[in-house]
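Enquirer: Listed here are the chains, written in short residue letters.
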Amino acid sequence: RKEVEQDPGPFNVPEGATVAFNCTYSNSASQSFFWYRQDCRKEPKLLMSVYSSGNEDGRFTAQLNRASQYISLLIRDSKLSDSATYLCVVNKGYQKVTFGIGTKLQVIP
Amino acid sequence: GAVVSQHPSWVICKSGTSVKIECRSLDFQATTMFWYRQFPKQSLMLMATSNEGSKATYEQGVEKDKFLINHASLTLSTLTVTSAHPEDSSFYICSAPGQWNTEAFFGQGTRLTVV
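Chains as they are written, first to last, in our numbering: chain A, 47 to 155; chain B, 14 to 128.
Please keep in mind that the hints were generated in silico from the structure rather than gathered at the bench.
These numbers come from a predicted model, not from an experiment.
Virtual Cβ for every residue (Gly too), placed ideally from N, Cα, C.
Honestly, I wouldn't trust all of these hints.
Covered stretches of chain A, going by a simulated chain B footprint (3 or more residues, C-beta under 8 Å) [said to hold, decoys possible]:
1) 88 to 99
2) 119 to 129
Taking lysine to aspartate or glutamate and the EDC-like style, the derived pairs with C-alpha atoms no more than 16 Å apart in a straight line are [what the hints assert, rightly or not]:
3) A:Lys-142 <-> B:Glu-72
4) B:Lys-54 <-> A:Glu-61
5) B:Lys-54 <-> A:Asp-53
6) A:Lys-125 <-> A:Asp-53
7) A:Lys-88 <-> A:Glu-61
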């Protein structure tokens, strides 16, 4: 089993739609969790951290479920500019992060 | 926020030559840096962990004699791809971790094409 698993997609959604991604992780001792966004041929950029209490940043909501070992990302009112690959990132501690394969999102006009 | 600068952003080299990629932390000290490789339509794969003042730690399947890593100072790590071959063509990215398990800070990436 991979340490971090994501559905690679692609998810093709119309503008204005709500889309959700999930990511599961295998190491129950994982300490911190993040969603990164990666545009084609660019480096990943932090989108948001993920907390058990959930956190929201504008149209984006992230949630962590430690019992089931998954994190989620919800994007409301999708924009064309949201088209990218979204990477689930898990920090196991000791400064070592593990990336999921990424979920590709394509927002269609 | 913390900034990591990676250079060059792209390079084309002939098969058999060596290429050096630099990764600098600009406003913080990084005792550890990570080097990743990403092939098209694949995830970032950790190649090695670079440790300041000591030998790098390589992931399974990564040839340490081919991918030389040097972390001579708290702000600079270098990856040298020796005797590059076309199959080494990839996107190489470095990152430095934040303190207290915060996020990782990435360099801009280097697209290497070996012809």
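Enquirer: Run every hint past the structure and note whether it holds.
Expert: Here is how each hint holds up against the structure:
no.: 1; hint: 88 to 99; result: holds (count 6)
no.: 2; hint: 119 to 129; result: violated (count 0)
no.: 3; hint: A:Lys-142 <-> B:Glu-72; result: holds, 12 Å
no.: 4; hint: B:Lys-54 <-> A:Glu-61; result: violated, 24 Å
no.: 5; hint: B:Lys-54 <-> A:Asp-53; result: holds, 13 Å
no.: 6; hint: A:Lys-125 <-> A:Asp-53; result: violated, 21 Å
no.: 7; hint: A:Lys-88 <-> A:Glu-61; result: violated, 23 Å
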